[in-house]
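*Asks:* So the protein sequences, as listed, match chains L and Z. If you're matching positions, the first sequence starts at 1 in my numbering and goes up one per residue. If you're matching positions, the second sequence starts at 1 in my numbering and goes up one per residue.
Calculated directly from the structure, the hints in this document are not laboratory data. For every residue, glycine included, the Cβ atom is placed at its ideal position computed from N, Cα and C. Keep in mind that a hint or two might mislead.
Over the 10 Å line for every Cβ pair with chain L, so calculated as not near, a few chain Z residues [said to hold, decoys possible]:
| id | residue |
| --- | --- |
| 1 | PRO271 |
| 2 | ARG332 |
| 3 | GLY511 |
| 4 | GLN609 |
| 5 | ALA677 |
Derived lysine-lysine pairs resembling DSS-like cross-links, with alpha carbons at most 30 Å apart [stated by the list, open to error]:
| id | chain 1 | residue 1 | chain 2 | residue 2 |
| --- | --- | --- | --- | --- |
| 6 | L | LYS239 | Z | LYS118 |
| 7 | L | LYS231 | Z | LYS170 |
| 8 | Z | LYS80 | Z | LYS161 |
| 9 | Z | LYS463 | L | LYS239 |
| 10 | Z | LYS115 | Z | LYS80 |
| 11 | Z | LYS567 | L | LYS235 |
| 12 | L | LYS231 | Z | LYS80 |
| 13 | Z | LYS28 | Z | LYS482 |
| 14 | Z | LYS115 | Z | LYS28 |
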Amino acid sequence: MLFSPKPRTNSSTRPCGLSRSHKITLGGVEMLPDLSGALFIPEFRTLIVADLHLEKGSSLARRGVHVPPYDTRASLAQLALAIAESLPHHLVFLGDSFHDGEARARIDAADLAELRRIVAAHDTVWISGNHDPEPPADVGGRIAETLILGPLALRHLPGEIPAGMCEIAGHLHPAASVVQRGHRIRCRCFIGDGRRLVMPAFGSYTGALSVSAEPFQALFRDYHVWMLGGKAVHKFPAKAVR
Amino acid sequence: MADPAAAHLLRKLHTLILDELHALVTSKRGVLLSLAMSRIATLAPEMRRIGLSATVADADALRAWLVPSRNTPATLVMGKAGAAPNIRILDSVERVPWSGHSSLYSIPEVYGAIKSAKLTLVFVNTRSQAEMTFQSLWEANEDHLPIALHHGSLDVAQRRKVEAAMSEGKLRAVVCTSTLDLGIDWGDVDLVIHVGAPKGSSRLLQRIGRSNHRLDVPSEAMLVPSNRFEVLECVAALEAARVNAQDTEYPAVHKLDVLAQHVLGRACAGPFAAHQLFAEVTSAWTYRNLSREDFDKVIDYVATGGYALRAYERYAKLKLTPDGMWRIAHPRFVQQYKLNIGTIVAEEMLKVRIASVRKRLGKRVVTGGRVLGELEEWFLSQLAIGETFLFSGEVLRFEGLDEFGALAIRAPGRDPMIPSYQGGKFPLSTYLAGRVRAILADPSSWKRLPPQVRDWLSAQRWKSLVPKANQMLIETFPRADKHYLVCYPFEGRLSHQTLGMLLTRRLERAGAQPMGFVASEYALVIWALRDLSLMIESGRLSLARLFDEDMLGDDLDAWLAESNLMKRTFRNAAIIAGLIEKRWPGKEKTGRQVTVNTDLIYDVLRSHQPDHILLRAAWEDAADGLIDVHRLGGLLKRIKGQLVHRALEMVSPMAVPVLLEIGRESIYGEAHDALLAEAADQLIDEAMRLV
Numbered sequence: 001m002l003f004s005p006k007p008r009t010n011s012s013t014r015p016c017g018l019s020r021s022h023k024i025t026l027g028g029v030e031m032l033p034d035l036s037g038a039l040f041i042p043e044f045r046t047l048i049v050a051d052l053h054l055e056k057g058s059s060l061a062r063r064g065v066h067v068p069p070y071d072t073r074a075s076l077a078q079l080a081l082a083i084a085e086s087l088p089h090h091l092v093f094l095g096d097s098f099h100d101g102e103a104r105a106r107i108d109a110a111d112l113a114e115l116r117r118i119v120a121a122h123d124t125v126w127i128s129g130n131h132d133p134e135p136p137a138d139v140g141g142r143i144a145e146t147l148i149l150g151p152l153a154l155r156h157l158p159g160e161i162p163a164g165m166c167e168i169a170g171h172l173h174p175a176a177s178v179v180q181r182g183h184r185i186r187c188r189c190f191i192g193d194g195r196r197l198v199m200p201a202f203g204s205y206t207g208a209l210s211v212s213a214e215p216f217q218a219l220f221r222d223y224h225v226w227m228l229g230g231k232a233v234h235k236f237p238a239k240a241v242r
Numbered sequence: 001m002a003d004p005a006a007a008h009l010l011r012k013l014h015t016l017i018l019d020e021l022h023a024l025v026t027s028k029r030g031v032l033l034s035l036a037m038s039r040i041a042t043l044a045p046e047m048r049r050i051g052l053s054a055t056v057a058d059a060d061a062l063r064a065w066l067v068p069s070r071n072t073p074a075t076l077v078m079g080k081a082g083a084a085p086n087i088r089i090l091d092s093v094e095r096v097p098w099s100g101h102s103s104l105y106s107i108p109e110v111y112g113a114i115k116s117a118k119l120t121l122v123f124v125n126t127r128s129q130a131e132m133t134f135q136s137l138w139e140a141n142e143d144h145l146p147i148a149l150h151h152g153s154l155d156v157a158q159r160r161k162v163e164a165a166m167s168e169g170k171l172r173a174v175v176c177t178s179t180l181d182l183g184i185d186w187g188d189v190d191l192v193i194h195v196g197a198p199k200g201s202s203r204l205l206q207r208i209g210r211s212n213h214r215l216d217v218p219s220e221a222m223l224v225p226s227n228r229f230e231v232l233e234c235v236a237a238l239e240a241a242r243v244n245a246q247d248t249e250y251p252a253v254h255k256l257d258v259l260a261q262h263v264l265g266r267a268c269a270g271p272f273a274a275h276q277l278f279a280e281v282t283s284a285w286t287y288r289n290l291s292r293e294d295f296d297k298v299i300d301y302v303a304t305g306g307y308a309l310r311a312y313e314r315y316a317k318l319k320l321t322p323d324g325m326w327r328i329a330h331p332r333f334v335q336q337y338k339l340n341i342g343t344i345v346a347e348e349m350l351k352v353r354i355a356s357v358r359k360r361l362g363k364r365v366v367t368g369g370r371v372l373g374e375l376e377e378w379f380l381s382q383l384a385i386g387e388t389f390l391f392s393g394e395v396l397r398f399e400g401l402d403e404f405g406a407l408a409i410r411a412p413g414r415d416p417m418i419p420s421y422q423g424g425k426f427p428l429s430t431y432l433a434g435r436v437r438a439i440l441a442d443p444s445s446w447k448r449l450p451p452q453v454r455d456w457l458s459a460q461r462w463k464s465l466v467p468k469a470n471q472m473l474i475e476t477f478p479r480a481d482k483h484y485l486v487c488y489p490f491e492g493r494l495s496h497q498t499l500g501m502l503l504t505r506r507l508e509r510a511g512a513q514p515m516g517f518v519a520s521e522y523a524l525v526i527w528a529l530r531d532l533s534l535m536i537e538s539g540r541l542s543l544a545r546l547f548d549e550d551m552l553g554d555d556l557d558a559w560l561a562e563s564n565l566m567k568r569t570f571r572n573a574a575i576i577a578g579l580i581e582k583r584w585p586g587k588e589k590t591g592r593q594v595t596v597n598t599d600l601i602y603d604v605l606r607s608h609q610p611d612h613i614l615l616r617a618a619w620e621d622a623a624d625g626l627i628d629v630h631r632l633g634g635l636l637k638r639i640k641g642q643l644v645h646r647a648l649e650m651v652s653p654m655a656v657p658v659l660l661e662i663g664r665e666s667i668y669g670e671a672h673d674a675l676l677a678e679a680a681d682q683l684i685d686e687a688m689r690l691v
């Protein structure tokens with residue numbers, strides 16, 4: 001038996017596509033989750049992606065863990081597909097876009113060029129995160145702590161929500177699991193109540209934390225999750241997932 | 001051997017003895033061992049090698065394995081044959097079930113046999129069977145006989161206690177899995193009962209050898225088939241054991257992930273020249289056909305990951321110095337190697353502890369106590385608090401997880417949700433499968449079968465057909481609103497599952513609208529919406545084309561690309577090859593260990609460098625193991641031009657067992673979205689219910 005590898009047609013590793021069946025509404029604003037983990041707000045023509053963790057692979061490699069150095073490439077390919085789906089004017093990176101302070105120095109030249117191309121084609125905002133308190137300034141776009149879009153405050157770390165506002169945050173990498181017919185299915189997800197939405201991590205090497213874990217319990221009482229399946233987004237109430 | 005002092009310590013070694021060699025050579029442990037042997041041979045050229053085995057079919061393979069490649073095979077010394085074993089098959093007064101593996105029908109008779117013996121070993125094939133058999137024996141135990149349980153999930157201390165009690169003669173019976181197959185003799189076992197078919201004749205001989213473990217006294221054994229097909233299998237195994245026929249086991253060879261581990265270990269012991277190490281490695285029989293190109297790829301992988309994108313040169317583990325020697329780049333890689341040595345990659349396990357529940361300030365406080373053993377994480381993670389399961393011979397109530405593992409309290413008298421955790425599933429050996437087909441094909445041999453099984457086969461002959469030994473029978477029939485296709489390859493569950501996946505794809509293309517399939521050890525059933533009998537009769541579906549060998553080409557590739565199976569073998573290869581570190585209990589929390597989920601790595605690597613050496617290693621493992629491609633290939637070759645088809649009005653007697661597995665078996669494949677949608681629909685139903 002010969003080994004006969006077949007490359008896939010495109011180089012994204014996760015499914016892509018906007019869900020029109022399960023919209024998320026926050027502060028009266030309608031938003032469309034994408035299977036890739038991005039979030040599109042038609043009203044503001046804005047696409048949001050959280051926790052890319054670019055160059056996480058090479059960060060591990062420094063310690064002798066030689067995971068494939070293609071994570072940045074894969075994440076950017078994924079991002080390009082999500083952009084092609086929603087055709088936004090504005091692009092918001094919701095923090096932890098770079099895995100660490102030296103990520104910019106390690107990024108491969110071809111990948112950097114692709115990132116610059118994407119950034120230049122949109123009105124881009126980099127929200128700073130705990131992994132990248134000072135995102136690199138030479139990639140293009142603006143840098144901010146918080147971005148206000150109408151009634152929505154966009155920031156990396158979930159926190160106190162000002163009166164009359166709603167929040168979209170990242171940082172926690174939510175995932176939920178459902179048990180059906182003896183199978184446990186775990187997927188990345190959006191988690192939200194009426195005032196706050198935490199987005200899934202977008203990066204190709206980012207792990208995830210179950211919504212039953214302490215940090216989510218501290219933020220949400222009654223909530224819904226929007227799980228990212230292979231072909232569709234599936235919405236569940238808190239009691240149905242772990 | 002990874003120590004620089006090893007060369008000095010081992011230089012005068014003169015004899016190396018490998019016991020139970022047949023059990024070693026089939027696994028990656030054996031492959032790693034053969035590499036270690038090639039290293040020792042360089043350090044101690046005078047060393048003599050001795051291999052021991054009591055159950056070996058193909059002695060020549062082991063003789064070649066033991067010595068450096070291209071040497072004359074090791075000398076064969078045959079021991080004196082022992083007394084022939086006394087084996088019988090339980091001729092039950094009860095009805096032997098059509099399907100299933102519980103053997104509950106036989107418990108009174110098994111208990112009776114235990115009562116009349118001094119010390120009985122009750123072997124079963126899986127841990128869940130062990131739990132169930134133990135539980136039922138305990139319920140039947142009116143005489144309060146001391147009966148114990150022994151399997152690999154139980155806490156080591158508990159297992160040692162059972163072993164001690166056995167050797168002190170304090171026990172009357174032990175229900176056990178393969179953990180008691182090999183090794184030391186505990187106690188004076190005078191009867192071995194095998195519940196469920198033994199799956200291979202070597203395994204059977206090894207296990208019954210546990211009773212009266214002396215050459216001059218015959219071993220006493222009883223086989224307890226758990227369903228009708230297993231009766232045939234037990235008869236085949238018994239006849240094989242009578243003539244001392246062994247299953248041929250093929251030594252594992254040429255594992256690239258194991259070689260990567262060995263190369264790093266070699267570098268830990270000191271600098272090496274590539275051409276010298278290549279000569280040493282290819283002197284091992286297992287790597288005699290390794291190409292220099294692959295060897296260099298492995299070195300490149302160990303040094304910098306082996307990626308086309310040369311991103312990690314400055315983070316290299318091995319560096320090539322100007323004198324042409326490879327050296328370890330930093331001492332911390334030595335430590336990393338030592339922590340990750342070995343080829344056994346366990347499922348992620350969690351400890352199960354007895355919990356105590358108290359009320360404090362009106363709140364329920366659960367604290368952990370004594371450790372009972374370990375269970376697979378995936379099994380525990382799908383339990384809800386309050387659900388009960390069978391473990392360690394007790395019914396336990398799940399109380400949740402804490403940072404040390406799972407907590408449970410005893411819940412006697414409750415109905416357990418039966419543990420479905422895996423482990424210890426053996427496929428039917430090729431040799432026994434051939435014997436089973438031969439028994440089936442020869443009605444004159446049926447007189448050796450119990451009457452109820454004989455009647456079953458006669459009814460099959462009457463209603464459908466009993467195939468000849470070289471034929472494969474295919475039956476199609478309608479039932480309820482679906483159409484079924486059942487075939488009987490007798491090649492073990494793994495290769496049947498692969499066949500099922502591939503046939504389903506092909507039937508889909510042929511427009512038959514297949515809905516699902518279930519594989520058993522003996523047969524495969526596929527159901528579809530279209531009338532399969534009609535499609536075959538009208539020539540729209542050609543069975544010869546359907547079962548053609550070419551399914552192992554593109555169809556197999558396309559399926560594997562989407563399958564989760566490859567992710568499992570990739571994880572094993574990635575850990576053995578040292579790409580990511582093993583998880584050490586307690587260390588996950590400290591964050592000192594860096595891990596990325598290997599599924600994510602697999603996806604990225606597959607789309608960006610599909611010819612990477614670890615993907616190749618994973619593919620080869622999947623072909624050997626989980627999907628059993630080699631055996632499936634052999635089957636397709638064997639049945640070419642030997643297909644016999646019967647279009648039936650209704651289900652045939654032989655098809656009943658596999659049809660009964662439908663529904664009991666969990667659904668197969670990657671239908672995650674379908675399950676998620678179903679879960680959501682159920683919630684809607686619940687919400688819309690009026691009462």
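*Asks:* Now look at each hint and say whether the structure bears it out.
*Replies:* Hints, verified against the model:
No beta-carbon of chain L is positioned within 10 Å of the beta-carbon of PRO271 (chain Z); the least distance is around 18 Å. Non-interface call for ARG332 (chain Z) relative to chain L: violated, since the shortest CB-CB distance, roughly 7 Å, does not exceed 10 Å. Every C-beta of chain L lies more than 10 Å from that of GLY511 (chain Z), the closest at about 23 Å, which supports listing it as non-interface. Its closest Cβ contact with chain L, about 7 Å, brings GLN609 (chain Z) to no more than 10 Å, contrary to its assignment away from the interface.
A cut-off of 10 Å between C-beta atoms contradicts the statement that ALA677 (chain Z) is not in contact with chain L; the least separation is 7 Å. Taking the CA atoms of LYS239 (chain L) and LYS118 (chain Z), the gap is near 54 Å; set against the 30 Å cutoff, the hint is violated. Restraint check for LYS231 (chain L) and LYS170 (chain Z): not satisfied, since their Cα atoms lie roughly 59 Å apart, outside the 30 Å limit. Restraint check: the Cα-Cα separation between LYS80 (chain Z) and LYS161 (chain Z) comes to about 35 Å, which exceeds 30 Å; the hinted pair is violated.
Distance restraint check for LYS463 (chain Z) and LYS239 (chain L): the Cα-Cα separation of roughly 52 Å exceeds the 30 Å cut-off, and the hinted pair is therefore not satisfied. As the CA atoms of LYS115 (chain Z) and LYS80 (chain Z) are separated by approximately 33 Å, the hinted pair breaks the 30 Å bound. The hinted pair formed by LYS567 (chain Z) and LYS235 (chain L) meets the criterion: a straight-line CA distance of about 27 Å does not exceed 30 Å. For the suggested pair LYS231 (chain L) and LYS80 (chain Z), the alpha carbons sit about 64 Å apart, so the restraint of at most 30 Å is broken.
Under the criterion of a C-alpha separation no larger than 30 Å, the hint pairing LYS28 (chain Z) with LYS482 (chain Z) is inconsistent with the structure, at around 44 Å. In summary, the hint linking LYS115 (chain Z) to LYS28 (chain Z) is not supported, as the alpha carbons are separated by about 41 Å, beyond the 30 Å threshold.
Violated hints, listed in ascending order, are 2, 4, 5, 6, 7, 8, 9, 10, 12, 13, 14; each of the other numbered hints is respected by the structure.
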